[in-house]
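*Asks:* The lines below spell out each chain.
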Amino acid sequence: MSAVIEMQGVSKRFGTAIALDAVSLTIRENEFYALLGPSGCGKTTLLRVLAGFETPDEGDVSLDGKDLLAIRPNRRPVNMMFQSYALFPHLNVFNNVAYGLRMDRVRGSELEARTRDALAMVQLDGLEGRRPNQLSGGQRQRVALARALVKRPRVLLLDEPLAALDKKLRGQMQMELKRLQHAVGITFIVVTHDQGEAMEMADRIALMRDGRNEQEGTPEELYERPASHFVADFIGDMNFFAGTRGADGVRLETGTILRGHGDAGAESPAWLAVRPEKLVIAQARPAHAEDNALEAEVVDISYSGQHLSVRLRVPEADALVLAKVDTADPNVAEIERGQTLWCCWPPSASRILPRESYSEVRENE
Amino acid sequence: MAKVRPERQALRAHAALVYLFLYGPIAVLVVLSFNESGLPTAWTGFSTRWYAALAGAADIHRAVLNTLIVAVSATAVATILGTLLALGLERLKPRAWIDGLMFVPMIVPDIVLAIALLSFYTLLEMTLGLHSIIFSHIVFNIAFVAVVVRARLRNFDKSIVEASIDLGASEVGTFWRITLPVIAPGVIAGALIAFTLSIDEFVIAFFTAGAGPSSTTFPMLIYSMIRFGVTPEINAIATIVLFVSFTLILISQRINRPVANP
Amino acid sequence: MPESLRRALLLGPGLTWLALFLVVPTATVLLYSFFERGTYGGIDTILNIENYVRAVDPLYFGILLKSLRIAAVVTAVALVIGYPVAYLIATAPKRLQIPLLLLVMLPFWSNYLIRTYAWIVLLNREGLINNALRWLGLVDEPLSLLYNDTALVIGLVYGYLPFMVLPLYASIARLNPEIREAATDLGASSLRGFWTVTVPLTRQAIAAGCIFVFVPSIGNFITPDLLGGGRTKMIGNLIYDQFLKARDWPFGSTLALILIGVMMALLFLQAWFVNRQMRHG
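Protein chains in written order, with the working numbering: chain G, 2 to 366; chain Z, 16 to 277; chain Y, 412 to 692.
Output of the computed footprint for chain Z on chain G, the stretches with three or more beta carbons under 8 Å from beta carbons of chain Z: (1) 63–76; (2) 87–100.
Straight line, CA to CA, 25 Å or less: simulated SDA-like cross-link-like pairs of lysine to any residue: (3) Y:Lys656 - Z:Ser239; (4) G:Lys279 - G:Ala243; (5) Z:Lys108 - Y:Leu431; (6) Z:Lys173 - G:Asp105; (7) Z:Lys108 - Y:Val685.
Here are a few chain Y residues that sit away from chain Z, every Cβ distance over 10 Å (derived from the structure): (8) Val464; (9) Phe472; (10) Arg642.
It is worth saying that the hints were derived from the structure and are not from the lab. This structure is a prediction, so every number in the text was calculated from the model and none was measured. We put the beta carbon where it would ideally sit given N, CA and C, even for glycine.
Okay, chain G solo, but in the shape it has when bound:
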């Protein structure tokens, strides 16, 4: 697949605050791409650079190989769906959607047909005459979507498209957005702070932090092979054990070695990270000597349908650990609070990550 958007070393400062710090990314044709990160990470600024509402201090942005920054915002083949939807309150649904076409001097029957097509695409037929304040939140979202799609942009930018919807509707709209993206064959770039949303919808994700692109990859790559503590912590739930990188794993302060894979310099501070669902709880130390095993005390148990969430204190690592175990597992039937058990997992399920800054330690505590 060929690249639609290429960003090289894009930086943007607001006063002394650095919003974007030399960001480089490539977004491919027909991709559903998510810019993910906590608030203030620069993801929205990046989107606004693409739309033309912010001009970067440094760096290049190209669209189909042409310099995008040289094009005025109202001439870019890029449309945006705003977080507030930004529907024109004085225009009805039809005129909101037709607005962009009118700016392109589309007239008469073509205007009519294309507007109606866009409305049909988001299942809003019959609501043409309504004003925005006569629509529900979900309907307004669809108008905003139709309005941004009607001009058939090369790239559609979506700023927190689902943030204003309630939880149930959000799930439906995730599916709907994916379906639409396949149907229209336009590159979607979505900004979100919700990792679940990004994982469900996106083909690829750029996880941003403090204006930098922390890791870019498919949802699976980010989940299974996080490159840093930040990524591992942001995507899904993760247990961390602090120690020092040894020859075949991470050595805890007590000397116990936890085995795993990953990059970290020898004898440097490191994390061993393992997902809660990879942990196995056992009454006795497992026979399989390769597996990591730590003694733990059950602190709390909560039931959530398919699995039990078990919180355990691991004295040896001075850590609280979360394990998600299958309710059908016969091993867990008799777990009680206060009980001492063994918490085990295979080395292949754990990642070794560098433990650099003090702030990471703080975040984990």
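Using the hints provided, position chains Z and Y relative to the given structure of chain G.
*Replies:* Chains Z and Y in isolation, oriented as in the chain G frame:
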């Protein structure tokens, strides 16, 4: 029905008296204006003769016309300047001195503004007339229009301007197609308030009108009539003026109602 | 279009107008106050502070003090009358609040002369109130209700009461009703809850309302002229006289500046008060 506590009842009684205090005197004028005898002492029957008497008075026609000329001109200029000012202020960091400058014409005693403008016009050796009243009225009207439009802009979602540009409109096109229609209720309400203030304004007009009936406004005429004494014609004039002012303000309130969110 | 040009185009015309017809005229008055009255009512451009010395002469200073006193009484009356009304409106059902408030504000938007005239009709010797009193047999001779300080205070309260109610309403309506309920829940009677919770939390609005009533009251000249009958002069009438009767513009300018000075002092006092409140929570 739920029992109302005695404190609440006392509060209601007090409020009722205050509303009576506010509307009683006005109501008396309106009733007397239809009294055949024209006297407050005795009701001799319903009559519109005092209104008929106004219809033939040439000085009243002249004064009303002058007031309309002043109010329409001052409102037109002030609405444009005040709206632009409000839009400009929206783009600035809040600055105390600008807020102060806007606030001054609204709060400064009218006699002070009146003598200041008179001194200024005299210094310039400007001939006084309707135009000098218009210039003066624009000063406080700008402030009122800007305040009303700014209040409207506070609820204005700035992303609709970006949305319009994103969809291909130019900056100027966006102003005419999006910004102006959306803030229009605020602009119209501000203009109606400016117009109402202008047709009722007396002190500044009195000082900056110059001599002669050619620039006598309607409030100036009312003032000279009141100083002369209580007459039935004033009651009729008062009733008309009250009716016009209240109608204009109620219309402006209705237009500028915040849009209800669903 | 660069942002600076855009701002200049938007702000330029309005600010220019305010500078030309507000700032420059005020500066003119400031300049005049240091000049002298000419022989034929003109202005002699001799710089001196004679006018300021004259302003503290008991004859004029007494009028300033009287104006301050009347404006203070008007403010106090408006606060006592207005606070309960603002409280009632702010605690009324939501759908009634705006109509009730509009009813308070509406008279302000009509002609001030006519509203003042209404009180002449009510209070004069042949007026409605005297007639009613005589008909009831309470008095034999008509009372002199008009042309005194009481009539003046009534007229000013009538004119500016809306200015008191509006900021108080806005402030009380913003208060979380649960705060009042918490006070009641903790055992305060509703009157005690009012004094210990509502009033302290609306202090800023009380200050704002008092300024809004005090400033136009002290500068007023229509009401003393029409309801005080020229017997009760306030500083506004004095300024009027200097400009249109005595034709001593420099002295009139001085008096106007003193009036502005009083007003500014009050506004600064209020700003200081608000700042202090914010700093101390």
